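Student: With the first letter of the sequence shown counted as 1, position 17 gets the number 17 in the working numbering; the numbers rise by one all the way through.
Fair warning: there could be bad hints in the mix.
What the hints assert, rightly or not - Label-pair restraints from in silico Cβ distances: (1) E25 to S50: 27 to 35 Å; (2) S54 to G79: 30 to 38 Å; (3) A55 to A5: 13 to 21 Å; (4) S50 to R78: 28 to 36 Å; (5) S36 to P80: 16 to 24 Å; (6) E25 to S99: 26 to 34 Å; (7) T52 to E88: 26 to 34 Å; (8) E35 to H94: 29 to 37 Å; (9) T89 to T57: 16 to 24 Å.
As the list claims (entries may be wrong) - Subject to a maximum C-alpha distance of 25 Å in a straight line, what follows is the list of computed DMTMM-like cross-link-like pairs (lysine to aspartate or glutamate): (10) K66 to D15; (11) K66 to E35; (12) K66 to D18; (13) K66 to E25.
If you are wondering where the hints come from, they were derived from the structure by calculation, not from laboratory data. Fair warning: this is a prediction, and the values are worked out from it, not measured in the lab. All C-beta atoms in this analysis are idealised placements derived from N, C-alpha and C, irrespective of residue type, glycine included.
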Amino acid sequence: MAGPASFSIRFRLVDGVDVGPNLYEASTTVGALKESLLTNWGRSPGAASSQTPSATTEMRLILAGKFLDNAATLEQLRGPMGSPPDSETVVTMHLLISSPPPSAAAGAAGDAEKVTNPCAKCTIM
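Start from the sequences and build out the full structure, keeping to the hints where you can.
Tutor: Below is the structure:
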């Protein structure tokens, strides 16, 4: 049974896959949550997504419609999470995984093959 010093958190990805829930201490920072997700990716319940992060910089967590700062602790986020946690409360945070920026080498090779916006050629009648 989880005491008030821990939170049960599930992470929902854009493709609808849920990772977790897992228990985290109230002193855990958002940055530590990302590290834990990255370290345990594929081993956590539900981590069978088409998206796989390669670094925490590719991960953004959203709670109550706001992007979370890496330095914020779960205790500081207690307000947006609603009522004080109990053993049956599961908090859902949304997890966005962005593509890594193209490397300099890929960028130089990609200059020869510039991708144009396909919507620039669309005609709406």
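Student: Would you mind marking each hint as holding or not holding in the structure?
Tutor: We went through each hint and held it up to the structure:
1. E25 to S50: 27 to 35 Å: 31 Å, holds
2. S54 to G79: 30 to 38 Å: Distance hint for S54, G79 holds at roughly 32 Å.
3. A55 to A5: 13 to 21 Å: 30 Å, violated
4. S50 to R78: 28 to 36 Å: 33 Å, holds
5. S36 to P80: 16 to 24 Å: Since the Cβ atoms of S36 and P80 sit about 20 Å apart, the hinted range of 16 to 24 Å holds.
6. E25 to S99: 26 to 34 Å: 31 Å, holds
7. T52 to E88: 26 to 34 Å: 31 Å, holds
8. E35 to H94: 29 to 37 Å: 18 Å, violated
9. T89 to T57: 16 to 24 Å: At 30 Å between Cβs, range violated.
10. K66 to D15: Status holds; Cα separation ~19 Å.
11. K66 to E35: Roughly 20 Å separates the two Cα atoms, so the pair holds.
12. K66 to D18: Holds: K66 and D18 sit about 19 Å apart, inside 25 Å.
13. K66 to E25: 21 Å, holds
When each numbered hint is compared with the structure, violations occur for hints 3, 8, 9.
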